[in-house]
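Visitor: In case you want the letters, here they are:
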Amino acid sequence: MSVSSNLVEVRGLQVDFLTQNGLFTAVKGVDFDIKRGEVMGLAGESGCGKSTIAFALMRLHRPPAIISKGDIRIDGTDVLALSPRALEQWRWRKVSMVFQSAMSSLNPVLTIFEQFRDVLARHEGMGRDAARARAETLMRLVSIPSNRLDDYPHQLSGGMRQRVVLAIALALEPQLVIMDEPTTALDVVVQREILQEIVVLKETLGFSILFITHDLALMAQFADRIAVMLKGEIVETAAVGEIVTAPRHDYTRRLWAAMPRLGHGMEAV
Amino acid sequence: MEGNSSPLLQLENVTKTFTLKPLFGSEKRVEALRNVSLRLEAGRALAIVGESGSGKSTVGRAVTRLFQLTSGRILFAGRDIADLTTRADRMRYLSMVQMVFQDPFAALNPAHTIRHHLVRPLALRGLKSAALEAAARQTLADVELDPDMTLDKYPHELSGGQRQRINLARALAVDARLIVADEPTSMLDVSIRRSVLDLMRRLKHERAISFLYITHDIATAHYIAEETAVMFAGQIVEYGPSASVIRNPQHPYTRLLLSAVPDPAVRIVGPSGAESQSFSVDAETVRDFSRRPVGQSREVVPGHFVYHHSDMNPSIGEAALHA
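Order-wise, the sequence lines are chains A and W.
For any residue, its number in the working numbering is found by taking its place in the first sequence, counting from 1, and adding 813.
For any residue, its number in the working numbering is found by taking its place in the second sequence, counting from 1, and adding 199.
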């Protein structure tokens, strides 16, 4: 397969959950692409299936979830066909993830350095000194002094922990970083600081991002293209400008209308 | 600014210092509130806006008497709440002042139905059997939930927005006059935040319930509250009518908060963009500036006060003061 401009190609992806009342289809045959270096936004309410897609892309889904149909290709690799061993090698090296609960996705009893070393030793077979040097570089990348490597997660602020999680996700220079509500737990100023930093990193390192959030306004500031999900289906995919100024689907318009925004509704108090 | 009738809630120079005594090492003092003065009239809402650690939640907890103040007074309907020493007085105060928390699930008991959550506070009013059931149904209807669908459900069977409505219903059940709402919508989807805010607004208008609305989201603050106080590092840095604070922000910290509100019209740009990397640097400069003791306030327009005005660097202050 030749190098296409699409890093990710998803076709007809269907994810089912086995429940007591039979099959529940959480993702109903979605198609989307992510170009190289692109920020693709996936927007929708809780329970629409957006996180399920994120987990499926890395094959991190666990029973009772099953991928029953479809095709996922990332940089030419047929992800659904990978053997467990190949999958272990492929994960984090090609695709990494910043989870929704990034605050708690660090191990509380290990220092920050040990968490870097875990990734670097397992995937790159790095020794202690090499891992230390690499971890220091990564910390500088996300603007945290490298002496904080010997701290435990609880000694860092929420924003710093988030940056550490981001640095660990970038440790193996993946081509795609999936970010599932990466800043939801942070307040607005810190959220803005971190997104600014992600934009800078993306321009320097050139990875693609799948950015998942329920906050359409935030996504519009950050994504190049946006797919809007409703009940397991993508109802509209368009460039960010169109989603903001000329949303076509009724649901996208409803999402915009549901948000109190500055300068709107001031008279209503 | 002092009217003749006493406001529902008034904070006078409230200061709270927490002393942390770790197992090892020296003790550490944290000034959570520094000389905070606020007033809230009946049937109105006051938003307290700030980032994590600004002391905004401490204000709410001080009002609900969760700790003793270091200095200053909190007056409720003209009476110092520290003087409520009899059990009856304290109970009456605690039922008039209710709190709604950030996590709508953690605030409900997962082992009990919604009926249980509502019947208990209603029974405190002396209601029994049929009247009690009718009151529970009415309370649910008041928060726009269907009693037939909701009464026998458990908290986990409801959505986040529905759970937050139950928490508001519980406050209604004890006939609260003041609801301290600490980030009541920040764990909800953006798309249902507005409906919960609308409900709070309706309760304010129709039942004259006052709200102390604590949030980091200045965009939702103006949606519900007539007045907004911006807090940083335990101090109020700007205070006034919400519309005035938002349209004509004076303090650099208020401007920082406003500039960070997600606005689909503003792209976050990379190193090639001009203002990009400066955001973090600016944020740190503004935070350092805003940490200093505030001193005297200056009234910008009637009712709109700004602090720190005397040390404001012309480049961050004066331009906007004369705008």
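Calculated directly from the structure, the hints in this document are not laboratory data.
Misleading hints may appear alongside valid ones.
[What the hints assert, rightly or not] List of simulated lysine to any residue pairs, SDA-like, C-alpha gap at most 25 Å:
(1) A:LYS1015 / A:VAL932
(2) A:LYS1015 / A:MET871
(3) W:LYS352 / A:GLY860
(4) W:LYS227 / A:GLN902
(5) A:LYS848 / A:THR865
(6) A:LYS1015 / W:GLU343
(7) A:LYS1015 / A:GLU949
(8) A:LYS848 / W:ALA442
(9) A:LYS1015 / W:LYS227
(10) A:LYS882 / A:SER914
(11) A:LYS907 / A:HIS936
(12) A:LYS848 / A:GLY971
(13) W:LYS220 / A:PRO966
(14) A:LYS882 / A:GLU822
(15) A:LYS1044 / W:VAL465
(16) W:LYS227 / A:GLY972
(17) A:LYS848 / W:SER458
(18) W:LYS227 / A:GLU986
(19) A:LYS882 / A:PHE926
(20) A:LYS848 / A:LEU983
(21) W:LYS227 / A:ASN960
(22) W:LYS220 / A:LEU983
(23) W:LYS220 / A:GLU1049
(24) W:LYS227 / A:HIS936
(25) W:LYS352 / A:LYS1015
(26) A:LYS1015 / W:ALA464
(27) A:LYS1015 / W:SER458
[What the hints assert, rightly or not] Not everything, but these chain A residues come out facing chain W in the computed CB check (under 10 Å):
(28) SER864
(29) PRO958
(30) VAL1003
(31) MET1032
(32) ALA1070
For each residue, glycine too, the CB sits at the ideal point set by N, CA and C.
Visitor: If a hint holds in the structure, say so; if it doesn't, say that too.
Guide: Here is what the structure says about each hint:
no. : hint                 : in the structure
1   : A:LYS1015 / A:VAL932 : 21 Å, holds
2   : A:LYS1015 / A:MET871 : 20 Å, holds
3   : W:LYS352 / A:GLY860  : 20 Å, holds
4   : W:LYS227 / A:GLN902  : 47 Å, violated
5   : A:LYS848 / A:THR865  : 21 Å, holds
6   : A:LYS1015 / W:GLU343 : 45 Å, violated
7   : A:LYS1015 / A:GLU949 : 19 Å, holds
8   : A:LYS848 / W:ALA442  : 42 Å, violated
9   : A:LYS1015 / W:LYS227 : 40 Å, violated
10  : A:LYS882 / A:SER914  : 29 Å, violated
11  : A:LYS907 / A:HIS936  : 12 Å, holds
12  : A:LYS848 / A:GLY971  : 31 Å, violated
13  : W:LYS220 / A:PRO966  : 21 Å, holds
14  : A:LYS882 / A:GLU822  : 14 Å, holds
15  : A:LYS1044 / W:VAL465 : 29 Å, violated
16  : W:LYS227 / A:GLY972  : 23 Å, holds
17  : A:LYS848 / W:SER458  : 30 Å, violated
18  : W:LYS227 / A:GLU986  : 41 Å, violated
19  : A:LYS882 / A:PHE926  : 40 Å, violated
20  : A:LYS848 / A:LEU983  : 19 Å, holds
21  : W:LYS227 / A:ASN960  : 23 Å, holds
22  : W:LYS220 / A:LEU983  : 38 Å, violated
23  : W:LYS220 / A:GLU1049 : 55 Å, violated
24  : W:LYS227 / A:HIS936  : 42 Å, violated
25  : W:LYS352 / A:LYS1015 : 46 Å, violated
26  : A:LYS1015 / W:ALA464 : 21 Å, holds
27  : A:LYS1015 / W:SER458 : 23 Å, holds
28  : SER864               : 13 Å, violated
29  : PRO958               : 14 Å, violated
30  : VAL1003              : 7 Å, holds
31  : MET1032              : 8 Å, holds
32  : ALA1070              : 8 Å, holds
In this structure, the hints that do not hold are numbers 4, 6, 8, 9, 10, 12, 15, 17, 18, 19, 22, 23, 24, 25, 28, 29, in rising order.
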